[in-house]
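What follows is each chain in one-letter form.
There are 2 protein chains.
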Amino acid sequence: MPKKKSQAKKEPYKGVRDFYPEDQFVQDFIFDRARDVVEHYGYEEYNASILEPSELYAAKTSDEIVNEQTYNFVDRGNRKVTIRPEMTPTATRMISARRRELALPLRWYSIPNVFRYERPQHGRLREHWQLNCDLFGVPGVEADVEIILLAYELMRAFGASDNDFVIKLNNRQVIPETLALLAKQNGMKVTKDQQVKLVRLMDKRDKMKAAEYADLLRELLGDKLSDVVLKQYTPETIRRLIQETESGAGFLNLLDTLESRGIPNIMHDPNLVRGFDYYTGMIFEVVDTSPENPRALFGGGRYDELFELFGDDPMPAVGFGMGDVRIRDFLNSRKLVPAYISSTDVYLVVAEPESLLVAQGLAQRLRRRGVTVAVDITGRKLGDQLKTAAKKSIPFALIVGENERKTGKYQLKNLATKAQQELDEKHIADAVFETLE
Amino acid sequence: MPKKKSQAKKEPYKGVRDFYPEDQFVQDFIFDRARDVVEHYGYEEYNASILEPSELYAAKTSDEIVNEQTYNFVDRGNRKVTIRPEMTPTATRMISARRRELALPLRWYSIPNVFRYERPQHGRLREHWQLNCDLFGVPGVEADVEIILLAYELMRAFGASDNDFVIKLNNRQVIPETLALLAKQNGMKVTKDQQVKLVRLMDKRDKMKAAEYADLLRELLGDKLSDVVLKQYTPETIRRLIQETESGAGFLNLLDTLESRGIPNIMHDPNLVRGFDYYTGMIFEVVDTSPENPRALFGGGRYDELFELFGDDPMPAVGFGMGDVRIRDFLNSRKLVPAYISSTDVYLVVAEPESLLVAQGLAQRLRRRGVTVAVDITGRKLGDQLKTAAKKSIPFALIVGENERKTGKYQLKNLATKAQQELDEKHIADAVFETLE
Chain E
1 MPKKKSQAKK EPYKGVRDFY PEDQFVQDFI FDRARDVVEH YGYEEYNASI
51 LEPSELYAAK TSDEIVNEQT YNFVDRGNRK VTIRPEMTPT ATRMISARRR
101 ELALPLRWYS IPNVFRYERP QHGRLREHWQ LNCDLFGVPG VEADVEIILL
151 AYELMRAFGA SDNDFVIKLN NRQVIPETLA LLAKQNGMKV TKDQQVKLVR
201 LMDKRDKMKA AEYADLLREL LGDKLSDVVL KQYTPETIRR LIQETESGAG
251 FLNLLDTLES RGIPNIMHDP NLVRGFDYYT GMIFEVVDTS PENPRALFGG
301 GRYDELFELF GDDPMPAVGF GMGDVRIRDF LNSRKLVPAY ISSTDVYLVV
351 AEPESLLVAQ GLAQRLRRRG VTVAVDITGR KLGDQLKTAA KKSIPFALIV
401 GENERKTGKY QLKNLATKAQ QELDEKHIAD AVFETLE
Chain D
1 MPKKKSQAKK EPYKGVRDFY PEDQFVQDFI FDRARDVVEH YGYEEYNASI
51 LEPSELYAAK TSDEIVNEQT YNFVDRGNRK VTIRPEMTPT ATRMISARRR
101 ELALPLRWYS IPNVFRYERP QHGRLREHWQ LNCDLFGVPG VEADVEIILL
151 AYELMRAFGA SDNDFVIKLN NRQVIPETLA LLAKQNGMKV TKDQQVKLVR
201 LMDKRDKMKA AEYADLLREL LGDKLSDVVL KQYTPETIRR LIQETESGAG
251 FLNLLDTLES RGIPNIMHDP NLVRGFDYYT GMIFEVVDTS PENPRALFGG
301 GRYDELFELF GDDPMPAVGF GMGDVRIRDF LNSRKLVPAY ISSTDVYLVV
351 AEPESLLVAQ GLAQRLRRRG VTVAVDITGR KLGDQLKTAA KKSIPFALIV
401 GENERKTGKY QLKNLATKAQ QELDEKHIAD AVFETLE
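Going down the list, the protein sequences come from chains E and D. For the first sequence, position 352 matches number 352 in our numbering, and the numbering has no gaps at all. For the second sequence, position 280 matches number 280 in our numbering, and the numbering has no gaps at all.
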């Protein structure tokens, strides 16, 4: 084959990550625990392709995401395709397609990768992996409670304590209703259109300066109303106004129920909005309480009307998406990620070529007892083989040489502690499990 | 929010699949078993993004795949991006980037999804999931043996018997060497370029008619040599010629070693080529022995020179990729896929609203004992709740009502057998595990 002179680059595509075994170990730590929690709550796994028809995102995902941040292209057959920026529209599409056959309520989870075209920065990458957890078919407060409880249980399963995070809550109907009430009390009115735009503006508030926000607010609501909103739309006023709104009672009931179910770290945040246009009720965010880094870790909410995208009747739906990038940062900052250890338990070091077949036979028998075993088949010096095992963070090495073949006694080396045990073959598996369990 | 009139379609993008829980169950069956096998052989998991710089595939992946079958696009920052059509270049890139730090030999596996723009048809979809297993850093026959043994063990772990499949082997150096020898014995020569092109042509042989193949062969080699190849390049001749070629001894040694290690169903297939340009040594394919459907299920080979793509020295590398689509077809045809059962063990049926809190407490305690439990929070009639559990293929239902709350005795219903047990709370978990293990 003629050699090509041009060299390919060794870096991955911009803004995405390579997962070497020690990186994959952290991913597995996060998502194995997550999977364990949600399956214990009766959530069942689904999955779908990363490619979706572009129309799926046109109507209900936020404008910013669709117009500025999605990966779109036209395929060789002239179809408009999008690399999914989020999973919720996909789950909704799948349920809509089988709405009659599926037995509601549905508890579904998935761990997809999703893409956004963003400038890569701390906590934001172009690709991240995301646990998605959704409960379909239950309109009541119990569904909202379950989803928030799941988010809480996830954090606890990662090893976080109640002081490490707070769960902020708000409601997408309460926002315009309290606003309308505030306007009314001041002798003014807010149109539906203004309400929708105000929610979008509030969502971007953290990303702009106070003066810029005030200007945009004035542009949207006029001088008088924007003045009222800026001065009076405060947490205190809103908490008072909520009592009198249509959706207020339900929201206050949610807060009470969560408290009575023993979640100590919940908090109403009247400024919480969340980006997606499709939310229709409760919204929440799990926030890091670290004073240096008080970031949102993940969140979700209720989106009963997303099914209208497919011409369907609304369906009660509530859920959240938890991305790996921010959770990994959080876990690192709290030192909650365990030290890397290889998924291979034992490295079989082969002292001389004549011992290879014996080593491979031994390896097969250990595998049948559940031990994960790699055999060194390089024929290198014993010391080099041991170094390889240690460098890979494999917990044990076992030497097979002439002496071992004769006596049937093996030296099991613990590569972390340097401790060494002489064992018969039948005791090797138990000795390994004793240390690793 | 104003309603949009246009409706999004409910189907996935063309040629890809939605995985509902019962579909995901089969995926998990395939890849959990695969993961179990390869980890027991000391393979460690890596992963990477599905997006790669396009240049990664330009040089060494087959022309057909790159020019006709890849998904390419230009991103918003004007970078040429490809949705990976295979995983091997990615693994090679990652190892090349850390060649000095990584402890060889490396045993790596991954379960990525890969994309090809093909006309969707039986056994071929635009997206499939693929176990990739590779051994880097060992040039000898032992590495080839291990990779083929892994392929064999995978098939056995899926429940296939030795009669269900055969492993066909060939060698990418033996092909041109035997061809050159044949030409020489007939007083002719084959150029390097002709050799490369002949391998590519042989790869497409199955997709064309005999006359078309003969024409293309004549075009490539001329009348005289193509005549010799057509008439004499038969399995019998090749097996005789191999003995005299440079690479022949190594290949025959591989066949012998595999036989001596107890793999009964191997076979030399002189016509086996496999598509990728990067193979440099042993190649193999696991083939279904069903007379109605004698298809290749998966395969791989040695590709020591792929590292040259990055300007690196060659590195010994051998591996395979096993896609889910064909394996699933195979398993279905052999009735090897187990019946679907939900990952949720118990469905808690709540007889009346007053029992909900008790049910949720009970659910929490069962979860702590390892049982996966969904609580029906819909407030529907008891019969409807039971129907939901059965429709979801959840193995057990447990009713919580006034009577149960009073007596502390619960009815555990096995929804498949309709058997019912009356149990104290403390015996529920064991009763569930007894049936499910």
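There's no promise every hint is true.
Same chains, same names: a pair is fine if it fits in one copy or spans any two.
Claimed, not checked - Here are the simulated DSS-like cross-link-like pairs (lysine-lysine), alpha carbons at most 27 Å apart as the crow flies:
#1 Lys9 to Lys80
#2 Lys80 to Lys10
#3 Lys14 to Lys80
#4 Lys381 to Lys80
#5 Lys14 to Lys387
#6 Lys189 to Lys14
#7 Lys406 to Lys381
#8 Lys207 to Lys391
#9 Lys10 to Lys224
In case anyone wonders, no lab produced these hints; they're calculated from the structure. Bear in mind the structure is a predicted one, so any value in this text is a computation, not a measurement.
Here is what the structure says about each hint:
no. : hint             : in the structure
1   : Lys9 to Lys80    : between (30 Å within a copy, 13 Å between copies)
2   : Lys80 to Lys10   : between (31 Å within a copy, 15 Å between copies)
3   : Lys14 to Lys80   : both (23 Å within a copy, 11 Å between copies)
4   : Lys381 to Lys80  : neither (57 Å within a copy, 45 Å between copies)
5   : Lys14 to Lys387  : neither (34 Å within a copy, 50 Å between copies)
6   : Lys189 to Lys14  : neither (48 Å within a copy, 48 Å between copies)
7   : Lys406 to Lys381 : within (20 Å within a copy, 71 Å between copies)
8   : Lys207 to Lys391 : neither (44 Å within a copy, 47 Å between copies)
9   : Lys10 to Lys224  : neither (58 Å within a copy, 46 Å between copies)
Hint compliance for this structure: hints 4, 5, 6, 8, 9 are not met, and every other hint is.
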